[in-house]
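Visitor: Chains as they are written, first to last, in my numbering: chain E, 1 to 307; chain H, 1 to 307.
Among these hints, one or two may not hold up.
As the list claims (entries may be wrong) - Simulated crosslink set (SDA-like; lysine to any residue; CA at most 20 Å straight-line):
(1) E/K297 x H/K128
(2) E/K188 x H/I226
(3) E/K109 x E/S83
(4) H/K128 x H/S92
(5) H/K259 x H/E228
(6) H/K297 x E/N132
(7) H/K77 x H/L100
(8) H/K259 x H/M194
(9) E/K275 x E/S83
(10) E/K286 x H/E305
(11) E/K191 x H/L224
(12) H/K297 x E/L306
FYI, nobody ran anything at the bench for these hints, they're computed from the structure.
Fair warning: this is a prediction, and the values are worked out from it, not measured in the lab.
Protein chains: 2
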Amino acid sequence: MSLITVGTMAFDAIETPFGKTDKIVGGSATYVAYAASNFVKPVQQISIIGYDFPEEEMDELRSRGVQMDGVEIVKDKRCFFWSGRYHEDMNSRDTLVTDLNVLADFDPKVPDSYQGAEFLMLGNLAPKIQMNVIQELKHRPKLIVMDTMNFWMESAMSELRIVLKYVDMLLVNDAEARQLTGHFSLVKAAKVIMEMGPRYVIIKKGEHGALLFHDDEVFYAPALPIEEVFDPTGAGDTFAGGFIGYLAKTNDISFDNMKRAIIVGSAMASFCVEKFGPTRLKEITKEDIDARVQQFKDLVSFDIELV
Amino acid sequence: MSLITVGTMAFDAIETPFGKTDKIVGGSATYVAYAASNFVKPVQQISIIGYDFPEEEMDELRSRGVQMDGVEIVKDKRCFFWSGRYHEDMNSRDTLVTDLNVLADFDPKVPDSYQGAEFLMLGNLAPKIQMNVIQELKHRPKLIVMDTMNFWMESAMSELRIVLKYVDMLLVNDAEARQLTGHFSLVKAAKVIMEMGPRYVIIKKGEHGALLFHDDEVFYAPALPIEEVFDPTGAGDTFAGGFIGYLAKTNDISFDNMKRAIIVGSAMASFCVEKFGPTRLKEITKEDIDARVQQFKDLVSFDIELV
C-alpha cells in the first residue's frame, strides 16, 4: 500500500533544558516520512522547500523509499523556519521565530504518480491547503488522517470544520481537543469531534500516552516512562508516521489493528525524543523497533480474571 | 490475611463544578476501609473520631468486616473536618476550611487484637504518628505502604525521611513525587525515592493513571477515561484500599500481583469518583468490580508480535 504525506520540510532551531541546536532539519512531513518509511514503501511526500534544504537529506529520505515528485523546490526562497524554547515540563514551549518563507506560497499538487494511494496523512497546515489536497485526489483513500493546531481553530475555524467532514481521523493533543470542542473531559471532547465528521479520534497526551476513540470503543496507549526527554520536537509527527505507516503496511484499519498501530507510533515517538531533531530516527533498526514495542507490551500487560 | 489501616475518619464538605455537599462522611481510613473490605476481612481500623461521627456509618463499616477496636472516640470533641472546592480540571482544589478537632490529639495505639497483621496501610498523617504505629507493632508486617503529602515535606521533612526508611512502598501523586525529590522526571523521582528507603513506589497521576516502580521494573496502569468525574475526593485513598486489600486477599506481593492490585485499585477509584464521598463505594457489588476490571483489560490490551 502506498501512503501520501503532506506537510512541511523545514528547519528548526531548538532550545531545551538539556541543550541547544543551530538550524537543523525538521518539519512535519520529514518526521512522518522517517517514521513511516520503516513500515511502508513508497512514502509519497508532498511539501515545499527552498534552495537551502540539504541535498543529502533528500538523498537519505529517497534511500528509505520516500518519493519526492510532490516536493516543490523554490529556487529563490528559503525553507520554513521555526525556533522555539521548551520549558522544564517539555509539554509547553515558547515560539521564538516563525519565518514562513516558501510556506507562504504552498499550493500543493498531487502528482499523477501518487494517484491511487490508499493512505493519506495530512500534516498540520492551513485547513484550506488540506482540503485542496483531498480534492486533488482522483481516488478516495481508504484512510485519511489529519493533524491540526490551535492556530487554525482561532484563525480558520470555518475552513477547519469543512475539512473535518472529509477525513476519517483527527489527531490532536489534549489542549487542542479541549479548545476545538469547549469540553474539558476528553471523553466528551472526542464524542463531539466524532459528530463533526471523523469516525476516529486520537488524543495525544504527551508523557501520559494517547487515547483512541471510535464509536463507543476506547483504547489507552501509554507513553514509555522516560528518564530524560531530550527534545520533544517532532514527536507528534513521528507518532503519526509510525501509526499510519504501520496501518499502510498491514492494510488493515480494524480497531484492533489501530491499537497495534498506536503502540508502534508511540514506540517511534519514544525514539524521536532521545536526541535532537530526527537524528535518532535515522539510527534505529527494525530490531530496535521490535524491542521497543516489546517494552510497551511489558509496560502495560497484566493478567487478572475475577477479583 | 489481616490488614491494619491507619488514617482519618472525618467529615468533608465538597464543592465541585457539578454540585455541592453539606458535611458528609469522609477521611482516608474510611475510604481505605470501604475499598479494602471488598477483598479482605478483617480490616483493622486505627483512627480517632469525635462524638459526631454517625453510629450508622460505624455499623455499616462493621457489617463489612471492619474492626473498630483501634478507633478512639473522644466524647467532647468533634471529628476532623475539611472543606474544599475543586477547579474545573478536578486535579487542583482550594481548601476552604480545615478544623483539626480530635485529630490534634491523635496518638494511635495498636490494640492487642490487631497484632500480627500482615499488611499495614499508613494513611496520610504526620510522619511521627506513622512512625509510632510502626513501632507499636510486635510483628513486622509483610508489606507496609505509606501515603504522605506536600504539607509534611514542608513542615516535617526530617521525620518523613525517617519513616521512609521503615516502609516498603510509598504512594504519592506526581506533584508530591517531584516535590519530595526535586526531580521533574517521574522516572528519576522514583529512583531517588527508592534510595530513600521504599523498595516500591507508586506515583498516581489522576486521570492519567498510575506508575509502579520496583528496581528496574515499571508498570503503567491507565485510568479509565470517564466522561464526568463527579467528585474526586477520596479517590487516592480508595485506590490505596483496593490495592492493599487485593494484595492482602491474595497474600502475594510479587511484582506481577502488584500489577493486578493496581488495576483493582484503579477500578475501585473509578467507582469512587462517580458520586459524592463514599456513596458509590457502598452500592457496588463483586459483579460490578469484576466488570470494571474487565473494562480496564479491554482498555489497554493489544496483541502485536514483530513490526
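Visitor: Against each hint, give a clear statement of whether it holds in the structure.
Guide: Tested hints:
With a C-alpha separation of about 41 Å, the suggested pair E/K297 and H/K128 falls outside the 20 Å cut-off, and the hint is violated. For a cut-off of 20 Å, the pair hint linking E/K188 to H/I226 stands: about 9 Å separates their Cα positions. In summary, the hint linking E/K109 to E/S83 is not supported, as the alpha carbons are separated by about 28 Å, beyond the 20 Å threshold. The suggested pairing of H/K128 with H/S92 is violated, with an alpha-carbon distance near 27 Å, which exceeds 20 Å.
With a C-alpha separation of about 26 Å, the suggested pairing of H/K259 with H/E228 is violated against the 20 Å cut-off. For the given pair, H/K297 sits about 42 Å from E/N132 by alpha-carbon distance, which is inconsistent with the 20 Å threshold. Restraint check for H/K77 and H/L100: satisfied, since their Cα atoms lie roughly 10 Å apart, inside the 20 Å limit. Note on H/K259 and H/M194: the hinted pairing holds, with a Cα-Cα distance of about 18 Å set against a maximum of 20 Å.
Proposed proximity of E/K275 and E/S83 is supported: the alpha carbons are some 17 Å apart, at most 20 Å. For the given pair, E/K286 sits about 13 Å from H/E305 by alpha-carbon distance, which is consistent with the 20 Å threshold. Under the criterion of a C-alpha separation no larger than 20 Å, the hint pairing E/K191 with H/L224 is consistent with the structure, at around 16 Å. Under the criterion of a C-alpha separation no larger than 20 Å, the hint pairing H/K297 with E/L306 is consistent with the structure, at around 12 Å.
When the structure is compared with the earlier hints, violations turn up for hints 1, 3, 4, 5, 6 and for no others.
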